[in-house]
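Residue numbers (full-length UniProt numbering), protein chains in the order written: chain A, 1 to 339; chain B, 1 to 339.
Each hint should be verified, as a subset may be incorrect.
[What the hints assert, rightly or not] No farther apart than 27 Å at their CA atoms in a straight line, the calculated lysine-lysine pairs in the BS3-like style are these: (1) Lys114(B) <-> Lys241(B); (2) Lys99(B) <-> Lys62(A); (3) Lys99(A) <-> Lys200(B); (4) Lys62(A) <-> Lys114(B); (5) Lys99(A) <-> Lys177(B).
[Said to hold, decoys possible] Computed far set for chain B versus chain A, every beta-carbon distance over 10 Å: (6) Asp34; (7) Val38; (8) Pro41; (9) Ala83; (10) Ala86; (11) Ala107; (12) Gly126; (13) Asp128; (14) Ser139; (15) Thr141; (16) Thr148; (17) Asp217; (18) Asp288; (19) Ser315.
The hints are simulated quantities; they were obtained by calculation from the structure and are not laboratory data.
All of these numbers come straight from a predicted model, not from anything done at the bench.
Think of the CB as a built atom: it goes at the ideal place given N, C-alpha and C, for glycine as much as any other residue.
Number of protein chains: 2
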Amino acid sequence: MSEKSVSSRPGEFSLIERYFAPLATSAGAAHLQDDAAVFAPDPGCELVVTKDMLMAGVHFFKTDPPFEVAQKALGVNLSDLAAKGAEPKGYLLGLGLSKDISEEWVAEFCRGLKLVQDQFQIDLLGGDTISCPDGPLLSITAFGQVPTGKVVRRNTAVAGAHLYVTGTIGDAALGLKLRLDEELSAKSGLSAEQRDFLLKRYLLPEPRVEAAQALRDYAVAAMDVSDGLIADLGHMCATSKVRVQLRLDDVPFSAATSALIMADAAFFEAAITGGDDYEILAAVMPQDAHGFEEALQAAGLQCSRIGELLAPDTSEPAIALSLNGKAYALDGAAGFTHF
Amino acid sequence: MSEKSVSSRPGEFSLIERYFAPLATSAGAAHLQDDAAVFAPDPGCELVVTKDMLMAGVHFFKTDPPFEVAQKALGVNLSDLAAKGAEPKGYLLGLGLSKDISEEWVAEFCRGLKLVQDQFQIDLLGGDTISCPDGPLLSITAFGQVPTGKVVRRNTAVAGAHLYVTGTIGDAALGLKLRLDEELSAKSGLSAEQRDFLLKRYLLPEPRVEAAQALRDYAVAAMDVSDGLIADLGHMCATSKVRVQLRLDDVPFSAATSALIMADAAFFEAAITGGDDYEILAAVMPQDAHGFEEALQAAGLQCSRIGELLAPDTSEPAIALSLNGKAYALDGAAGFTHF
């Protein structure tokens, strides 16, 4: 099942040497001249590993600039690590390329990887490149570390904890809507800055790496929001066996998202159920709330208390929503899936 | 870019709970209920990580039984670890599924994973599942460990070392030829057992995990043979900056491969340049040769000394071949690529 490339782009070994090897600066990566990398967590630490795959046409548009695609692919993995309280260390890259992908695409993609590497002081450890007819496909395994025993889990939320979220919610989902409907921005009276902000929030998630220390120090449970606020909150509650009272009034929206919601109230549910936020949901006990808020503020991150975790009660919904002090029921299906 | 599944197969979370979570037995995998796994190498050890992706239609046939595809996907990663002298620990699984992949396929695939897990005492640590139109696509990251500093590299071969290879060469490449030409077996006078042996060697590589300790103890350099003996030897020589004198008379062939070569001499070059052997090439200094041979024998592995590594000499070919004491030149293009 040998497959000779008919692409005009250089072969795998040339691409590795020219574009990927310069990204692999640690001794354990052996300049990508071997089939495996070697590394170890720092003394007193253990590794946290995560894997997120992105497929053209499913998780990004094939026409998206590779410079941004690379940042997104690496960013969503760093977001997972951050939510676990881990400091990022390095990553492996699996790349599936269709024949039409040019050398220029690879060069720009690697420029995007380099930007994120430099931002978070991580490097490429190794990977694999294959032919993938519907590619590009990106399969990243990211490594972080935490002091041993200090990982922050999703399934350890407890009744009585406050529920927090970083940043603002819904921007990416509405950015995607703007992208799919070119007239939406003008129809909704958005400014050019607001439109660009939302489009960028979809294209370029900002992993909340700066939140890792605060999460380790103060959170009893955490996860990043990738499937939508409501769906991911459902995952936290289900795995932790708690319920949540979520105050929709307190869910943080950007000015641009607020403007869209003002123009059409249907965008409200799109914002709280849409995906790709890459903000962090955290459960924090009341006695740690002040410390948590201060630590996030010191890290330069916005953080909002949006609800309270409650003891399980099968006669009540797992997620109880309120708006203006009244119970609120969602119209549409909660959450979305890339699958 | 939400994509609702139109497949009759259960959704991602159901598949994970039903089929993948039972494979994730370590505490650090958290029953796959989190976005990341936690683990650490044993004290005094460091991690060895490798990533190999397999795409339907490129690395295996879409009609291959999923029970075997799983064993192959995991096996080729364990082969990389073994060649580095590493003991396997666990793995992450990225799975890209096309719509037509059934729940039964997933169940059988997981049965194959379980078989390899049990054989080598490893477990699933985590992963990701996405939609992939041309799938199945398998992206595995495998973790092993070595005593710190003991990894066996590809680029550390030195002049004066003997060159060894485990097992037999060419079986998988000829198994693929049998598969692509149903009449070849009868035409060549192969027995049914010989045909089945070669077909199985293509479908089910056997990672030489048992060789890891001997490689750590005695080899100066090693790699597994996946792109073909000649091509991979070329990689070892190029990265190590040595040449090799390879005695083709000493390359080990199975009875089935020998029978095919007897029937048609063209299969000789197919055997030494074909891929998917997943045997191990090792460079061993003469004073360690006896210990190496005995250790591999004790591990139940066949091992053949097939050449000698030489100092670089730009006036000579990097790979000098001999047959019956005379220089031998390859007819065809050496090596193959999945890329």
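- [ ] Taking the shortest Cβ-to-Cβ distance between Val38(B) and chain A, state whether it exceeds 10 Å.
- [x] Given a closest Cβ separation of 5 Å, the condition is violated.
Open item on the list: The output says Asp34(B) does not contact chain A. Does that hold with a beta carbon cutoff of 10 Å?
Closed with: Not fine: 5 Å to the nearest Cβ puts Asp34(B) too close to chain A.
Open item on the list: Does Ser139(B) clear chain A by more than 10 Å, comparing its Cβ with all Cβ atoms of that chain?
Closed with: violated, 4 Å
- [ ] Evaluate the condition: distance from the CB of Thr148(B) to the nearest CB of chain A exceeds 10 Å.
- [x] Contrary to the label, Thr148(B) does not stay out of reach of chain A, its closest Cβ about 7 Å off (not over 10 Å).
- [ ] Take the C-alpha atoms of Lys62(A) and Lys114(B), compute the straight-line distance between them, and say whether it is at most 27 Å.
- [x] violated, 36 Å
TODO: Please settle this one: Asp128(B) was flagged as non-interface, so is its CB more than 10 Å from every CB on chain A?
DONE: Since the minimum Cβ distance to chain A is about 5 Å, Asp128(B) lies within 10 Å and the statement is violated.
Task: Gly126(B) non-interfacial with respect to chain A [C-beta, more than 10 Å] - done: Answer for Gly126(B): violated, closest chain A Cβ roughly 6 Å.
Task: Holds or violated: Lys114(B) to Lys241(B), with C-alpha atoms at most 27 Å apart - done: Violated, because 41 Å separates the two Cα atoms, which is more than 27 Å.
Task: Whether Ser315(B) stays farther than 10 Å from all C-beta atoms of chain A, as the label says - done: Non-interface label stands for Ser315(B): nearest chain A Cβ at 24 Å, farther than 10 Å.
Open item on the list: Against the 27 Å threshold, does the CA-CA distance of Lys99(B) and Lys62(A) hold or violate the hint?
Closed with: holds, 20 Å
Open item on the list: Does Lys200(B) sit within 27 Å of Lys99(A), going by the straight-line distance between their CA atoms?
Closed with: violated, 31 Å
TODO: Measuring Cβ to Cβ, find out whether Thr141(B) lies farther than 10 Å from everything in chain A.
DONE: violated, 4 Å
Comparing the model with each earlier hint shows violations of hints 1, 3, 4, 6, 7, 8, 9, 10, 12, 13, 14, 15, 16; every other hint is respected.
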